[in-house]
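J.: Protein chains in written order, with our numbering: chain A, 1 to 144; chain B, 1001 to 1144; chain C, 2001 to 2144; chain D, 3001 to 3144; chain E, 4001 to 4144; chain F, 5001 to 5144.
Calculated directly from the structure, the hints in this document are not laboratory data.
What follows is a set of in silico ranges between Cβ atoms, one per label pair, in the way DEER data are often shown:
hint, chain 1, residue 1, chain 2, residue 2, range
1, D, Ala-3024, C, Met-2101, 38 to 46 angstroms
2, B, Ser-1121, C, Met-2101, 45 to 53 angstroms
3, D, Val-3093, A, Phe-100, 51 to 59 angstroms
4, C, Leu-2085, E, Leu-4141, 51 to 59 angstroms
5, A, Leu-22, E, Lys-4083, 54 to 62 angstroms
6, E, Leu-4141, D, Arg-3086, 23 to 31 angstroms
Straight line, CA to CA, 30 angstroms or less: simulated DSSO-like cross-link-like pairs of lysine-lysine:
hint, chain 1, residue 1, chain 2, residue 2
7, F, Lys-5059, D, Lys-3139
8, D, Lys-3138, D, Lys-3104
9, B, Lys-1104, E, Lys-4020
10, C, Lys-2097, B, Lys-1020
11, D, Lys-3083, D, Lys-3139
12, E, Lys-4059, F, Lys-5128
13, D, Lys-3059, D, Lys-3038
Built from N, CA and C at the ideal position, the CB exists for glycine as well.
There are 6 protein chains.
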Amino acid sequence: MLECNIDDMNPEIYGYVIEKALEAGALDVFMIPIIMKKNRPGIILSVLCELEKKDALEKLIFMETTTLGIRNYEVNRSALERKVLRIRTKYGVVAMKIGFMGGKILKYAPEFRDCKEIAESFCIPLRKVYEDVQYAMKKYLESM
Amino acid sequence: MLECNIDDMNPEIYGYVIEKALEAGALDVFMIPIIMKKNRPGIILSVLCELEKKDALEKLIFMETTTLGIRNYEVNRSALERKVLRIRTKYGVVAMKIGFMGGKILKYAPEFRDCKEIAESFCIPLRKVYEDVQYAMKKYLESM
Amino acid sequence: MLECNIDDMNPEIYGYVIEKALEAGALDVFMIPIIMKKNRPGIILSVLCELEKKDALEKLIFMETTTLGIRNYEVNRSALERKVLRIRTKYGVVAMKIGFMGGKILKYAPEFRDCKEIAESFCIPLRKVYEDVQYAMKKYLESM
Amino acid sequence: MLECNIDDMNPEIYGYVIEKALEAGALDVFMIPIIMKKNRPGIILSVLCELEKKDALEKLIFMETTTLGIRNYEVNRSALERKVLRIRTKYGVVAMKIGFMGGKILKYAPEFRDCKEIAESFCIPLRKVYEDVQYAMKKYLESM
Amino acid sequence: MLECNIDDMNPEIYGYVIEKALEAGALDVFMIPIIMKKNRPGIILSVLCELEKKDALEKLIFMETTTLGIRNYEVNRSALERKVLRIRTKYGVVAMKIGFMGGKILKYAPEFRDCKEIAESFCIPLRKVYEDVQYAMKKYLESM
Amino acid sequence: MLECNIDDMNPEIYGYVIEKALEAGALDVFMIPIIMKKNRPGIILSVLCELEKKDALEKLIFMETTTLGIRNYEVNRSALERKVLRIRTKYGVVAMKIGFMGGKILKYAPEFRDCKEIAESFCIPLRKVYEDVQYAMKKYLESM
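With the rest of the complex left out, here is chain A:
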């Protein structure tokens, strides 16, 4: 986990840094709003990555942000076994991210990108697309 506190950068830069870090192989990138000395609203920029990507990502953060120092510490990760299943819905095929525990399906969620595309081409609320896809998935599981 890489972290740096930033209190002197134009916030327009963050969205760009996050994109770049993900392209460079970060597992996750996020921002934590904080309060720093002298009444400054700051941000902790957090980048989670594999150990072998650490140097490249540190360099990217130093290049793209105003920070002069980056903290790092090791974290372990427990992850569910995951699969992507493509299921049929009334709007067409949608990818489902599925999480397994002990070989059994524990949870599933539709791929955001697929749902967004459907919402836009069918002109229906994204919220409703999620609902309908969850429903199709549940029906599919029941039928098995």
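Since chain A is already given, all that's left is putting chains B, C, D, E and F on it; use the hints.
T.: Positioned in the frame of chain A, the structure of chains B, C, D, E and F alone reads:
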């Protein structure tokens, strides 16, 4: 100003609603993280718009989010006179948003989109593009 | 809408004030984390209520918090027509909050309290109860 | 310390997960509001626990939330020696949590639950109960 | 109430603007962390002032920040009757802010500045100074 | 890194603790707004320090805050090589913090204190001072 408190929606939906509201003519859309009853982290979704867009945007919020109620109140706006000036930099032409007070330039800022494009095509930090463009603008003003 | 900024109160008090304000008839109560002068993390305590409850709720806030001043301004509210429908699920009957637009069902959500009770008595994840109840509701709607 | 970033869960679920995690032996559970990619307001769910509870709590988080991965890292804890003292006040007996340093009382705070009960049965502001209990404690210490 | 959303300013500037606005007669100034479009962490800068200070404070905000527009709306204020009482404590005289309701003392709090000075000159925790001053105040009230 | 969660302290105390911790040798001190159990808005007080300062800073936190426990874990730090350069501007000499990578200047920023002093004595916006100082620095670098 339209506002609604949301504590029961998948947060993946927000980015999409914000895009849709801006396309539908909202002047600004933003989210305020709040704490609601029963230990629920919520969001105030805020949409600023002209009075004549109010009904259309309320409908959009009702369609796209889980909210059952929307607050609205009138606000006045003071705005600086603005112009967009296209200035020459070593990377090419960049749009500058300029704010005037009493007929004089009070502040200016480069257009994010232009800077981002430059950063990507020239492979230099976005932070540095901003700096260079500000510098070019300042030089241009001095030369007048 | 009643609002006051608080930067000198033991935060343990907030949960209690929120409960009391809801009991006293507030429509909604929530907290916005803010940053105040002298590096103080503060809270805007916001209480939405009908005009006729304003005085009683102001008094309650003055009694129960450390604030010396309360702001208020009027807001209008647009609300969907709502009904509560009790539907049958495999766990028993569950209340659904339903929102209508133009006489048609636009959205629905299960009552938190009912789902929580089911999760606890059946020892299944609350997340799964929500899913199953949504599924039962959708099936019910399709069968009509 | 267990941590997971969540950006795709109905926030109504959090209060329930926190309760369950505390019942399952977590030392502390809290939420950090964050900003994730694609303009998503997210939450870091943080669970502090003894090493021997780690597996059970990870399982609980996987069961009850939408997360597919949990980070963990070890932290050390320095704690003040603590005692609970029951003191007499004008409202009856109240538990005080006391922190010692070098054998001396360094700080003390009344038990929230006791104060809340008093506030409700005597119909006085909770804020005032805290004050009065602190006062009784201070008097008691002075009299020793 | 004046409000502007800022997402393109070096956060080091905020502390300075807040100081200036208070010097210029603002009743209160605070910052609300928000999430703006394109994954930008922003700030609502909020300035509460009397109507006759509105123009001067708007000018100050336009001069000192990057914003191009400021919203304003009117709010009413209910305030407790206040007095400052100077009480004797074992550290010397300390100012107490006192809030009255219906002619009776409802709440009181020591002046931060006085307590800070005492903490520094006596080398004791500020937390303890607050406690001791509250205690002295309560004793004084009881003796009346 | 030292961290403690605080949900029962008057927020006026934080600014003071931060000052004290920096005086006592902390490298950085900041606050993270969080949501704790029972609807309590809390703060993680984070103190970054060298290992040899850990005990002194823990003692200070125990003395000055209400916390009964402090977490700590080790973090590594990558830092850019830094220098302070004093450059001439039209307002006088200003310190610039400069960050180097591979022996080359990667970034620079003016010292806040110097800019603030200029803004106040010349009565110009702090924002403008930053701009002018950045401009002077860039010109200086170009002339080399």
